[in-house]
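K.L.:
Keeping their order, the protein sequence lines are chains A and B. Per numbering that gives the first Met the number 0, residue 0 is the first one in the first sequence, and the count goes up by one each step. Per numbering that gives the first Met the number 0, residue 0 is the first one in the second sequence, and the count goes up by one each step.
The reader is advised that the hints may include incorrect statements.
To be verified - Derived coverage of chain A by chain B (criterion: at least 3 residues anywhere in the stretch with Cβ under 8 Å from a Cβ of chain B; other residues may be distant): (1) 19–26; (2) 186–197; (3) 318–325; (4) 362–372.
To be verified - With a cut-off of at most 20 Å between alpha-carbon atoms, the simulated PhoX-like pairs for lysine-lysine come out as follows: (5) K8/A x K73/A; (6) K8/A x K186/A; (7) K115/A x K195/B; (8) K8/A x K279/A; (9) K115/A x K189/B.
FYI, nobody ran anything at the bench for these hints, they're computed from the structure. Glycine included, every Cβ here is placed at the ideal spot set by N, Cα and C.
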Amino acid sequence: MRANCWMGKQHLEVRDVPDPKLLNSRDAIVRITATTICGSDLHLYNGFMPSMMKGDILGHEFMGEVVELGKSVKNLAVGDRVVVPFAIACGACESCAMGLTACCENSNPNAWMPEKLMGHATCGAFGYSHLTGGFAGGQAEYVRVPFADVGPLKVPTHLSDEQLLFLSDIFPTGYMGAEFCEITPRKVIAVFGAGPVGQFAIKSARMLGAERVIAIDRHPYRLRMAMVHAGATDVINFEEQDPLEALRDLTAGRGPDACIDAVGLEAEGNGIGYAYDKAKQMSRIAFDRPTVVRQAIMACRSGGIVSILGVYAGFMDKFPLGSMMNRGLTIRTGQCHVHRYMKPLLERIERGEIDPSFVVSHHMNLDETPQAYAMFNDKQDDVMKVVLRS
Amino acid sequence: MESQTFHTRDVGQDPPEGWSLGRALGWLNVGLGAAELIAPKLVAGLIGVEPETHRTATLRATGVRELASGVGILLRPRRAGPLWALVIGDLIDLGLLALATRDDRAGKRRLVAALVATAGVTALDVYAASTAAREQASHPMLAAITINRSPRDVEAYFQRHHPELGQVTFSRAPARSATEVRVECSGFGKRVLREKLQHDLREIKQTLETGEVLINHGEEMP
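For reference, chain A alone in the conformation it holds in the complex (with noise of 0.2 Å):
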């Protein structure tokens, strides 16, 4: 089969690889109909996340239809159209018990790495590094799929993919962040970072009953789309205001309710502090670039809700915690539980409450899977999602 497969920094090719094969009872061979590229899909890119090796397959994001089936797996049926997660869960262990399950115990086959990185074992993911089980990943024709009778959810036929796909990742990711920040009517919520997981963060705020949702990016497309498709109430863009003040001004002092972090670890800024940043980052002396992080800290309300979604993978430098400890602010973050998600959010897309393919903005073909990741990382045409088909 084709498949996308990293071979470096910035160096991806669409080669012939091995199908997939069931490896396990419980596995299950999905023939991909659409994929797309995650903005986390970028820090592997981009060469900034530990423990790839050339050759792998991403993509963590993916939807299809079922062509094989492990002995174990009852609820699927060989044809059924179906949504995958991008988080692998067994929905056996007490995290997947209690919903969490981005922090499933069984489900990295690598678990020793983050042990030793990050003090406990994270899940297993598609197509995320082999810090997260090295699973090939849904940039492809075919893909396993590990404990299917826990993961995919079955969509039904009347719904584009477009309408469908992102419930693998950023909707249910960016409805999480938003449900963080406790939104009752009266709140206004900041969201650093306006791509598609702060469109969907914006869109979800909105959707809780938000009465004001700012954006902030230095893209004016990303801004104008936060506005007019996802319901943003202002929007500031960084390259021309100081956040931080802008976000002052917009509260009367007292800064929003709750800050919601859509960037992660390859945030964008200016001055010394983003320099310093970035050398760091540059030179390999940290995995991550906190700006946003910080700024999301430093602009919350006294008592308010930071919510992280970006993703980060070490340990952080000029972490503001005195500020957080002081403000008595509260820290909610994760990957996202998606399997929770799914059903629920599927149910409101069927209910017409939102159209999450207003986020799609290219169609691409799988071969070309290295130009559109080019376009993205550049932020060339106003890309916002790309849809890659076979």
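Go by the hints and put chain B onto chain A.
P.N.:
Just chain B now, kept in the frame of chain A:
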């Protein structure tokens, strides 16, 4: 074999004799190292060697090594490793002193006294290192895991499939229906053994909770 008791280990006990000796040796090395580094000519005179440039340079280098050894011991006084490093340093010092006796200009009486003193300290260092090593070996390490099944199920599984694991305890996890499993590792190489056991326990947990071990072409455990 099911246990409902939780043990706290070594809380409030005085440290064993060997540890205070270790600390004393650590400070002794810091002092000696500092003296050799700051005043090598004075030390050369005390041990009966001519204070030539190459000898004072050697004394300074020895001083750096002894300072590092001393700090290493003071940072981790319960570990045998830094104490064994001290013994290796002692052997080097004995060799250097023996070489110095070939120099006709050397103060022989002082040199012999230095050799005897170094041999005595070496014996003390060997005693401290071996005592620390014995103490270390006698403290068991635990490989442990929580399995989301009842203690009865887990214990039955271990008895059926892993009778070779001798020292295993099972207890109900606080406020959960899960089971805490602890396997004791002791003796030489227990750190490596614990890593291996931890890996095996993960696979046992997977088997009990999900029915099988998840296979992937991922990284092998080192």
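K.L.:
Could you run down the list of hints and mark each one as holding or not?
P.N.:
Hints and how they fare:
no.	hint	in the structure
1	19–26	holds (count 4)
2	186–197	violated (count 0)
3	318–325	violated (count 0)
4	362–372	violated (count 0)
5	K8/A x K73/A	violated, 41 Å
6	K8/A x K186/A	violated, 42 Å
7	K115/A x K195/B	holds, 14 Å
8	K8/A x K279/A	holds, 17 Å
9	K115/A x K189/B	holds, 18 Å
In the structure shown, a violation is registered for the earlier hints numbered 2, 3, 4, 5 and 6, in ascending order.
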